[in-house]
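Under this note's numbering, the sequence shown has 284 at position 294, and the numbering climbs by one with no breaks.
Calculated directly from the structure, the hints in this document are not laboratory data. Hints are supplied without guarantee of correctness; some may be wrong.
[Claimed, not checked] Restricting the straight-line Cα-Cα distance to at most 30 Å, the calculated cross-link-like pairs of lysine-lysine (DSSO-like) are:
| # | residue 1 | residue 2 |
| --- | --- | --- |
| 1 | Lys168 | Lys80 |
| 2 | Lys80 | Lys163 |
| 3 | Lys253 | Lys311 |
Since this is a predicted model, take the numbers as computed values, not measurements.
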Amino acid sequence: YAKLIRMQEQAHEAALINARKSSARPSSARNSVSSPIITRNSSYGRSPYSRRLSDFSASDFSLSIHDPGHHRMEKLAFRAQASSFWRLAKMNSPEWGYALVGSVGSMVCGSFSAIFAYILSAVLSIYYAPEPGYMKREIGKYCYLLIGMSSAALLFNTVQHLFWDTVGENLTKRVREKMLASVLRNEIAWFDAEENASARIAARLALDAHNVRSAIGDRISVIVQNSALMLVACTAGFVLQWRLALVLLAVFPLVVGATVLQKMFMKGFSGDLEGAHARATQIAGEAVANVRTVAAFNSEAKITRLFEANLQRPLRRCFWKGQIAGSGYGVA
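With the sequences and hints as input, model every part of the structure.
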């Protein structure tokens, strides 16, 4: 369809230029083009699709005809709507109940981490008690406490992941439906671009929806869990040893800054891994879709080599990324 439109535009432009050369009147340029594109037998009448080149005006193709030597296509201005966290949260509004229950599970699991640390430190201090009977009684008490907390942690971990996964999967379903609907509303020429091949679109539908799920379900769950851990740990630290708690709070921003710098460095070093994997996915998808053609030309080995060549670059980047990260961590 796109090629047909381009052929019609080229024929229209050529006819306009020839008409201007042969006639002094500018209005004769449009009337001089009368070659039909699609015609039918006169016994059937004229089809509604049998338009001639003379039926196409300059406005049909957004052509600028002020100068016969400078015809150009005018693009319509389009401004994409900026995505936001609250827009995704509104899409998850039917699952607010699940999110609330999952948040309760996340807070309990986060507080358990601080309580476990306190119990382990208490058990280590009991081993230095001089009386063996007192040591056995206290150790037994803390063992029963740890068993009870482990059972509760198993329950609340299940609640946390079950409800937050439900929220994330429902959001993934809605996002994929909206993305597919937006893809199908594009014009035919949009699919002719290499980056909009069917295999790449399928890969983007899977990957982008998974990233949205990770941004809402998994990330909020971790944020709530770590916030509860921070609150309980700071409260217990200031109650037990406020001086040591102040020292740890002073060092905490440095740890956060170092972690952020490490993530930024690794992200910049890894490069465009998503684009490289998308090209490999496109090759595999087209090969599977046209497997008969590939088999007819005995191109299995060539397709395999092409697929491997597109995976070599991300493989090298991932290798060096792991080596640099491991070396830096080992030296530190």
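Right, here's what the structure says about each hint:
Proximity of Lys168 to Lys80 is assessed by CA-CA distance (about 14 Å); at most 30 Å being required, the pair is judged to hold. Our distance criterion of 30 Å between C-alpha atoms is met by Lys80 and Lys163, whose separation comes to about 14 Å. Note on Lys253 and Lys311: the hinted pairing holds, with a Cα-Cα distance of about 11 Å set against a maximum of 30 Å.
Checked against the numbered hints given earlier, the structure satisfies every one of them.
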